[in-house]
Every structure is written in structure tokens, then in C-alpha cells.
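Protein chains: 2
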Amino acid sequence: MKKQVVAIAGVTGAVGQELLNCLKNRNFPISEIRMLASARSAGKKQEFMGKTYTIEEMTEDSFEGVDIALFSAGGSQTKQFAPAAVKAGAVVVDNSSAYRMDPTCPLVVPEVNAAAALTHNGIIANPNCSTIIMNVPVWPLHQAFGVDRIVVSTYQAASGAGAAAMAELEQQAADWVDKKPLTQDIFGRQYIFNLFSHNSAIDPETLYNEEETKMIKETKKIFDDEDINVTATCVRVPVLRAHCESVNLTFKQPVTPEQVRAVLANAPGVSIIDDAENNQFPEPVLASDKDDVFVGRIRQDPSQKGGVGIEMFIAGDQILKGAALNAVQVAELLLTKE
Amino acid sequence: MKKQVVAIAGVTGAVGQELLNCLKNRNFPISEIRMLASARSAGKKQEFMGKTYTIEEMTEDSFEGVDIALFSAGGSQTKQFAPAAVKAGAVVVDNSSAYRMDPTCPLVVPEVNAAAALTHNGIIANPNCSTIIMNVPVWPLHQAFGVDRIVVSTYQAASGAGAAAMAELEQQAADWVDKKPLTQDIFGRQYIFNLFSHNSAIDPETLYNEEETKMIKETKKIFDDEDINVTATCVRVPVLRAHCESVNLTFKQPVTPEQVRAVLANAPGVSIIDDAENNQFPEPVLASDKDDVFVGRIRQDPSQKGGVGIEMFIAGDQILKGAALNAVQVAELLLTKE
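Here the protein sequences come in this chain order: X and B. Following our numbering, the numbering of the first sequence begins with 1 at its first residue and continues without gaps. Following our numbering, the numbering of the second sequence begins with 1001 at its first residue and continues without gaps.
Check the hints yourself; a few may be wrong.
Within a straight-line C-alpha distance of at most 20 Å, the following computed EDC-like cross-link-like pairs (lysine to aspartate or glutamate) qualify [said to hold, decoys possible]:
{"no.": "1", "chain 1": "B", "residue 1": "Lys1305", "chain 2": "X", "residue 2": "Asp225"}
{"no.": "2", "chain 1": "X", "residue 1": "Lys179", "chain 2": "B", "residue 2": "Glu1170"}
{"no.": "3", "chain 1": "X", "residue 1": "Lys305", "chain 2": "B", "residue 2": "Asp1225"}
{"no.": "4", "chain 1": "B", "residue 1": "Lys1044", "chain 2": "B", "residue 2": "Glu1056"}
{"no.": "5", "chain 1": "X", "residue 1": "Lys180", "chain 2": "B", "residue 2": "Asp1178"}
{"no.": "6", "chain 1": "X", "residue 1": "Lys305", "chain 2": "B", "residue 2": "Asp1227"}
{"no.": "7", "chain 1": "B", "residue 1": "Lys1305", "chain 2": "X", "residue 2": "Glu205"}
{"no.": "8", "chain 1": "B", "residue 1": "Lys1305", "chain 2": "X", "residue 2": "Asp227"}
{"no.": "9", "chain 1": "B", "residue 1": "Lys1305", "chain 2": "X", "residue 2": "Glu226"}
{"no.": "10", "chain 1": "X", "residue 1": "Lys305", "chain 2": "X", "residue 2": "Glu258"}
{"no.": "11", "chain 1": "B", "residue 1": "Lys1305", "chain 2": "X", "residue 2": "Asp148"}
These are calculated hints, taken from the structure and not from any lab test.
The whole structure should be built from the sequences, with the hints applied where relevant.
As C-alpha cells, then:
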């Protein structure tokens, strides 16, 4: 397998750092790696597999000779530099929302629609974290039984808002213990011992926030199924780096919890934690730093007639499967093409 | 109005303490108050409205001359002493789950079924906290439009497990900041920066936990409607004293968010916080120490055909409306009888 020239665009962020871990842990074949970030971070040092690299400011000239550019930058930076990377011959795997709903860009969760990755025109979009974590276990159920409707409520970690948000949550714990005013630079409110509706803009027409709209629209695109009905309520909880989701499913036919368990037991990227006796189910701390999406509380929903309803509760690492790991898995799909 | 002889059974607990606050703040007409608790707390002092009382051990003889006994004790203690209180002539308002599903005991949320309180045979049950908080805003919508189905996911505070659980959550924050092993006496697991499926027993047949089963069964009893379909997922989040709930409703007819807002604006015990522009919606810290249930994120659910679906997010103080306040409101209903 030809070793790749890889660029990390936005290497200093929480996702950028985890991209490096994933590349290393998965033995991604690398001949050369470029550490790119904004001017603010240029000149800083970055370790990777025993070598020290100097972080360079990302410019339109950063991508000469690059095979794969893993982007984890802001939307406007991405819009500026991703086309330059494509022009230089790189394939971009982009973590931002900039290209997700662009019909010319595939939106890929490898466990769901790996083949779509190979139809790219230079840019492949990595889906929203909450969407990925939901799609990994719901897709095999959709394939097996046909999902008519998803009602999801999320319990989202600080990490989705970046490393500074995680630091602020921990700082608020320290402030609370010291009985000091809570540091509120990122979220502008109490986060420790509190929770709040996801801090993305609300569409004035639908009254859904951007995170919820992403879960609805991206799922339809990834599943290539405009008819699947999805509603989402996205909530930020005081947790560091793993998202949980309470998922209520309506199937097109009667489905039992045993059937769901049988499908999920063989589903890629899924682990079942469903120990009723010991009250042990998916939790953020169990999912943190793990690759799989964890599923539990699988049970028949008595509020739906005809046995078509299933409830489940899931947890997945927001920085790994919700972002960096998924992006590196997409990059691996590109290797298989060659 | 005749002043009442009131007994507080379980006065030292989180709910017991809040019962005293509610009686005081609402000027409940009291001629005499008895502070009752287990033998462990007997002899301790309890302040109330400028006087100091000595806590007595609850026995079967504690209720002589008592008009109203507000119980907030364990299930077995309640089963032992509530009948003695009734025998002595008191009316019991009980916070435990001991009598909730007993067909001879009314289960009362005053905003929903106040009249049921007056049909008691000595014991009136106070519903589960999550049930009360959900029922206050859903009932007026059910009356106005007919609710066919409720899908609820909860975000429950430590207070539901008592004062010691709240203290453990705060202790874990201190442990975390000090990089010490986390104190895990109550929940047996990391709670700070984590969340977990509600720590009540799972029914091996339905796979629903007790908290979820309460929300399903109690709602049917309180609404006096066996046909309302309810499913619940109950989750403990690292929050101190207010529960939140993500509530997805299916109505028997098309309903708009404007119609929902109009009904809730006039509903007793409900306050609307639904400020999309400033991203301000119900939060635990906003609901804490408040009487009302707060409702926001009111929007049309696009996953339901025909405009019959509404999403909303609610928050209510678990110790107040979820327990002590509701019990005192029930006691107030008894006064109106005389």
C-alpha cells in the first residue's frame, strides 16, 4: 500500500490531536505529515510517533504533494482552504459542516455508506458527531427491519464545543469547590451541575437548532433515504467527551428486543452493554476513549401498537467516533481504492 | 379556617426540610407541628418559624390528635406508620411509592386532578417527581387537544436520591479537583462528568426500570385515562435539584406551537421560557427553588405527519413541585373541604 502524504488542518484542536492518535493507533501508512493550523499556532511544536514537527500556518500553498488532507478547522477557514487542497491534488476529509449537505460531496459513516466515499470529487464530509453516533447502531436495524421514525434526545458532552469548553467545565468544578464566581467565557452560563439546550443557532422558522437539524438532514443523506422520519432534541450536559442519546424507534414491521440484540451483536462499530441485573448500561465514562458506539436499555416500547416500537440508549466518544476516528476510517477507505 | 395539627414524618430528609419551607412560605394554618423521624434522629433540634422543636422518634402513637400527616419516609416505614396515622384520625399525604397504585388511594397533582384528593380514605399519594413535573404542562394540552402518546427522556437530578446523593455529587467535584479517588458510597460509580440510567430496579419482563414504570402507570391514573400511551427513558445526570425532560407529544388532532403556547400561557403551575433569539430555555439552575414547571423549545415535530406532533423541553424543581410543594398543595385541598 502506497504510503500517503497527510496534512492535518487544525492540528492544535481537540479533534486535531485525536486525529494524530488515530493515525498512529491504526498504523495509517504515512510517508510525510504536515501539521497545519492558524497563524496563532504557527511555530509551535507537535510530537508525532517520536518525531517533533513545527506547526505551519495553513495557506493555499500548504497542500502541494499532499494525498489526504484531514480538516478540522472552522467553517470559514475550511471554505477558504479545502478547495486549494483539492486543487493541489489532495482528497479532503472535512470535519466541519461546510460541505455536508453539498450534493457533490459524499457524507460518510464507513459502517453505513462506505461506497459513497469513493464517489467523491475531492471533498468528503465527516458528519456531525451526534449523527454519526446515532447512525452506527440505527443503520443495521434500518437495513434489517426498516426504520420509519426516530425520536432522539441527546446528552452531549463539552468536547463538541472544543478543548476550551472542556477546560471551562473542569474550571467551573474548581470554581464551585472554591466558592468562586464560575468562569463563563465559552458558554456564558453555569455548566457544572446544570444542562442547557444545545448552544447552536435556532432556525426562526422550524425552531429547531442547528445541531438538531443536522441530525435530521444528515441522517437522510447518509442513509440515502429521504423518507425516514427523524426528530431530535439536542441538549448539552456537564460531561467531558462522550455523547449519549435516548433513541425511540418506530419500525415498519413488528420487531422484538431479541431481534434488535441479534442484529446489533453482529453490527460493525457497535458494542452492547445491557446488564439489567447490575444496572449497567452505556455511560459517558465507559464510552470515553473507546472506538465503538455502546448500546443498551434495548426494550419494547409499550406506547406503540403492534410491537413496532423499540427504545434504546447509546453512548459514543464524541472526539473519536464522533469526529477523528470516523475521519481516519474514511481516509482508510480511500486507500482501498488504490 | 381551622388551624391544623400537622405531623412531618421524615423531617430530616431533603423533602422533609422542604416541606417545612413550603408550609412556612405558603402560610399553612398550623396550630401545632410534630417533627417525626427515625430513632437515629430523635432528640435532634429542628427550627421552624422562630421556634425550636425536638425531633421525636416516629411510633404508632405519634399521630394522636394530628389532622394532617405529611409523610416523606422510606417505603417500609410508610407501610408501618401511615395506617396508624389514619387510625388516629389523620389524613396522610404520602411521598413514597407505597400507596400510589393502590386503587383505594387517590394519586394527586392539584393542577390536574384536585377533586380526586377529596375522595380519599385517609391516604392520598403524592406522585413520583418526574411524573408530576411532566403532568403539570401535559395535562392542559391533553384537555385542550387530546394527547395520544408521550415519548419522554429525563435528565434527573441527584436530589431524587436524597440529600446524601446531592452531597456525594458535590464531594465528587471536590475529589476530581483534588485528583483524589471519587467518593462512591451512594451510587457506586462516577457521577461527576458522567450520567447513567436511573438507579432503580429493572423489571426483568418489560426491561423498564421502576422510575420509567412509575411515569407510565402514574400518568394514566392521574389523568384517569388508561388509553394514553406513554414511554419513558429515565437518566440520572450530574445536576443537583431540578429535573429536565425532553417530551415528544402526539396529539389526536393537528396542533400548532402557537396553540400549545396559548394553552400553556394560562396553565396553572406553568411558566414558559422559550427565547430562541437568546438561546434561553428551561435549565435546572433556572428551575431550582422555583414553584413552577418551566416549558420551552416548543416546536412542531416534522417527523409526525399531519401536524399532530409537538416537541418541548421542561424543567422543574425535584424537591419542590416534584415532592414537597405538591404534597403541601394537596394538604391545602383538604382545607377547602372543611
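Hints versus structure:
no.: 1; hint: B/Lys1305 <-> X/Asp225; result: holds (17 Å)
no.: 2; hint: X/Lys179 <-> B/Glu1170; result: holds (12 Å)
no.: 3; hint: X/Lys305 <-> B/Asp1225; result: holds (17 Å)
no.: 4; hint: B/Lys1044 <-> B/Glu1056; result: holds (8 Å)
no.: 5; hint: X/Lys180 <-> B/Asp1178; result: holds (16 Å)
no.: 6; hint: X/Lys305 <-> B/Asp1227; result: holds (12 Å)
no.: 7; hint: B/Lys1305 <-> X/Glu205; result: holds (18 Å)
no.: 8; hint: B/Lys1305 <-> X/Asp227; result: holds (12 Å)
no.: 9; hint: B/Lys1305 <-> X/Glu226; result: holds (14 Å)
no.: 10; hint: X/Lys305 <-> X/Glu258; result: holds (18 Å)
no.: 11; hint: B/Lys1305 <-> X/Asp148; result: holds (12 Å)
Consistency note: the structure conflicts with none of the earlier hints.
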